[in-house]
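Model the full structure from these sequences, guided by the hints.
Residues per chain, in single letters:
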Amino acid sequence: MKLKKKEKPTPAISTASLPDIVFMLLFFFMVTTVMRETDLKVKVVVPQATEIQKLEKKSLVSYIHIGVPTETYRAQFGTAPRIQLNDAFATPSMIAEFIDKERAARSEQEVPLLTTSIKADREVKMGIVTDVKQELRKANALKLNYSSSLRTEVY
Amino acid sequence: MPRAVPEVNAGSMADIAFLLLIFFLVTTTIDTDKGISIKLPPMPEENQPKNDIRIKERNVLQVLVNANDMLLVDGQPSDIKALKRLAKDFVDNPSKNPELSESPQKAIISLKNDRGTSYNIYIQVHNELKAAYNELRDARARMLYGRGMDQLPESRQNEIKDYYRQVISEAEPEG
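Line order of the protein sequences matches chains B and Z. When we follow the working numbering, the leftmost residue of the first sequence carries the number 1, and every step to the right adds one. When we follow the working numbering, the leftmost residue of the second sequence carries the number 156, and every step to the right adds one.
What the hints contain is simulated information worked out from the structure, not anything from laboratory work. Hints may be right or wrong, so weigh each one.
Stated by the list, open to error - Only pairs whose alpha carbons sit at most 25 Å apart, straight line, appear in this in silico DSS-like list of lysine-lysine:
#, chain 1, residue 1, chain 2, residue 2
1, Z, Lys194, Z, Lys316
2, B, Lys143, Z, Lys189
3, Z, Lys251, B, Lys133
4, Z, Lys189, B, Lys57
5, B, Lys58, B, Lys143
6, Z, Lys267, B, Lys101
7, B, Lys125, Z, Lys194
8, Z, Lys194, B, Lys57
9, B, Lys54, Z, Lys251
10, B, Lys101, B, Lys58
11, Z, Lys194, Z, Lys243
12, Z, Lys261, Z, Lys251
13, B, Lys125, B, Lys57
14, Z, Lys316, B, Lys57
Structure (structure tokens):
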């Protein structure tokens, strides 16, 4: 009698772990997705500093890269430091247009909070940086950040 | 009689998922953007009369950097390593030196560089000046409230920031 009672139909495959599998997949994709970063066409090694602050909102930052073109572009653009806006080489006069575009992409309340981050190579001369600064002043984009990495030793 | 397929124990599945999650959370570094923040002065208006505000010479610390990255602080050749000390002395003027600023609020640091100055030294100068102010503020916070700047409420921080207001005036580029 007892033996007969033990006779069960084949048990259904447990689906208890399905949510976990789904979560795992979700995490996997979350981790592997990389936000589209602009292709750097210039070599930038930012200077080191001790008094650095974090930029709070990444979405409110527009980047201007300044540096010597990387090797692939040297034949075409030479070895003098150049400005890169988004994905293309630019001249200082194109900065006003660039700032306008950045502003147009944000809502009205966010425009005053926009910060420009200058990512310039430590080897470049101030001349080109001054040109950029003047253009930013003309465009009334006055919040500026000189991108730097942390230096641990203090003078 | 078919044998019952033994159920795979799924109880530890959640633990494995969490383990993976924590592993990725720990290992991914979201690279934050860091740097020295400054505020540019607005462009002077075309037809704006040149404002001739007279500022006493003693209240201005002149920092010049030439194309060879050499420093001149108030007419004296100097070094980047000495700049913080000089700036602190100038702003705070604890010995009431008649050559240095009258009070921290009146102190202005004027920065001028050449087009040939390297960007690195320019950042170092900004950094040292900022460091000077940060140290002065921190010292005042400790003196008044016995705590560092970062542990004070915002109102107190602003009070101290107002006392040591950092005014860096950058020369208009020539040409």
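Hint check:
no.	hint	result
1	Z:Lys194 to Z:Lys316	holds, 16 Å
2	B:Lys143 to Z:Lys189	holds, 14 Å
3	Z:Lys251 to B:Lys133	violated, 37 Å
4	Z:Lys189 to B:Lys57	holds, 11 Å
5	B:Lys58 to B:Lys143	holds, 14 Å
6	Z:Lys267 to B:Lys101	violated, 31 Å
7	B:Lys125 to Z:Lys194	holds, 21 Å
8	Z:Lys194 to B:Lys57	holds, 17 Å
9	B:Lys54 to Z:Lys251	violated, 36 Å
10	B:Lys101 to B:Lys58	holds, 17 Å
11	Z:Lys194 to Z:Lys243	holds, 21 Å
12	Z:Lys261 to Z:Lys251	holds, 14 Å
13	B:Lys125 to B:Lys57	violated, 29 Å
14	Z:Lys316 to B:Lys57	holds, 23 Å
Checked against the numbered hints given earlier, the structure breaks hints 3, 6, 9, 13 and satisfies all the rest.
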